[in-house]
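Residue 162 in the numbering used here sits at position 162 of the sequence shown, with consecutive numbering throughout.
Hints were generated in silico from the structure; no laboratory data involved.
Hints may be right or wrong, so weigh each one.
[What the hints assert, rightly or not] Simulated restraints, written as ranges between beta carbons of each label pair: (1) Arg21 / Glu59: 39 to 47 Å; (2) Val28 / Asp295: 51 to 59 Å; (3) Asp153 / Val122: 21 to 29 Å; (4) Asp153 / Thr226: 51 to 59 Å; (5) Ile111 / Arg260: 48 to 56 Å; (6) Ala36 / Asp151: 13 to 21 Å; (7) Ala223 / Arg21: 20 to 28 Å.
Just so it is clear, CB atoms sit at the ideal spot from N, CA and C, and this is done for glycine as well.
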Amino acid sequence: MPTRPRTRSARRTVPPALDPRRWWADAVTADRLLLAAKTAAAAALAWYLAPLVPFAQSEYSYYAPLGVLVSMYPTVARSASSGVQAVVGLALGIGLGLVSLAVVGTGLPRIVAVATVILVGVLLAGVRALGVGRDWVAVAGLFVLLLGGADPDGYSSSYLMTMAFGVLVGVVVNLVVVPPLRVDRADDRLTRLRDDLGDALHRIADALAGHAFDPTAADEATAGLTGTLTDVREEVELADESRRYNPRGRRLQAPRDLGRRRLDALTGTADATRELAAALTRLTGGSDVDARLPDEARRVLAEAVRAVARLVTTPPEPEGTAAQLREAEAALTAYTRHLRRVDADDEPLDAWEAAVALRRVIAACGPFSDPDAATAAR
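Whole structure, please, built from the sequences with the hints as guidance.
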């Protein structure tokens with residue numbers, strides 16, 4: 001009895017975002033484990049040293065580990081900027097709380113003061129320049145109003161100074177203890193994206209070479225490229241950020257903008273690949289496909305797509321990229337010459353759009369025949 005083939009939906013019954021295995025894999029990466037260890041050590045150190053902070057009462061030492069938490073991020077630059085923003089937001093919130101306490105002292109009901117603090121704090125949270133500090137304005141104001149007690153000034157100064165001390169400890173620990181550098185990880189993600197794009201082009205070429213072209217093959221080959229590009233773009237931005245204020249980043253030989261240039265090239269390649277898939281779907285649709293795309297034209301176009309795919313997957317080394325660039329140019333030229341031999345009235349527009357898409361891929365890969373790009377090879 002023949003077995004029933006499994007469908008795509010049967011192979012993946014749980015979306016990736018809801019898969020506990022994906023959660024665990026994201027939680028135990030080397031970078032995340034290092035960040036967790038540094039945060040725990042910095043929090044313990046800040047709590048131990050908090051009683052020594054000037055202008056702060058030792059009974060509020062628990063705010064120091066909280067300051068560490070708001071300042072520990074995967075990059076030194078983000079740790080510093082987020083820490084400063086949090087302290088500024090706290091200062092605004094504390095000032096708001098003190099003002100509300102002064103008004104309460106004149107006879108204003110406390111319930112009205114609570115509502116006012118929340119109202120103004122949420123409004124101030126709309127100031128984008130505060131960054132992560134926006135989330136602390138209303139919280140700090142409410143804490144001062146409700147927890148300040150008989151000594152609101154002492155509580156406020158202790159709250160602000162102890163939190164600022166925790167932020168300082170977090171930033172220093174993040175800077176001194178293996179400052180995070182995400183360049184290698186971004187390079188690996190870019191390389192995988194490059195290989196995925198080359199694989200998509202190879203699959204399109206294989207489907208095109210077959211006598212019966214399945215339009216869904218092109219769509220399946222390019223499915224998921226948008227989501228992958230979004231993930232890779234975030235990784236590249238994080239890698240650029242990780243080099244700022246990082247002593248480890250100064251020892252890197254690769255140009256600072258190399259990852260972004262590779263991402264721009266691969267983004268152009270992905271867009272052109274999707275355009276190629278759409279053009280081929282239109283070109284091969286209908287019952288007159290053999291007349292619109294004869295076997296000879298199909299073969300020449302498939303060879304051009306394969307040559308471009310090899311160019312895309314070639315590591316960005318000057319000699320290899322230059323050779324594959326010439327091969328792709330020659331294959332595309334052979335295809336366009338074949339189109340020009342067809343009577344002008346019979347030239348399908350989609351056939352030329354396929355050539356334009358391949359030209360865009362070649363143009364995106366062309367700059368990586370320069371020597372600087374060799375440092376990003378994998």
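Verification of the supplied hints:
1. Arg21 / Glu59: 39 to 47 Å: holds, 44 Å
2. Val28 / Asp295: 51 to 59 Å: holds, 53 Å
3. Asp153 / Val122: 21 to 29 Å: Given a distance of about 25 Å, which is inside 21 to 29 Å, the answer is holds.
4. Asp153 / Thr226: 51 to 59 Å: Hint holds: Cβ distance 54 Å, inside 51 to 59 Å.
5. Ile111 / Arg260: 48 to 56 Å: holds, 53 Å
6. Ala36 / Asp151: 13 to 21 Å: violated, 36 Å
7. Ala223 / Arg21: 20 to 28 Å: holds, 22 Å
The structure is inconsistent with hint 6 alone, although it conforms to all the rest.
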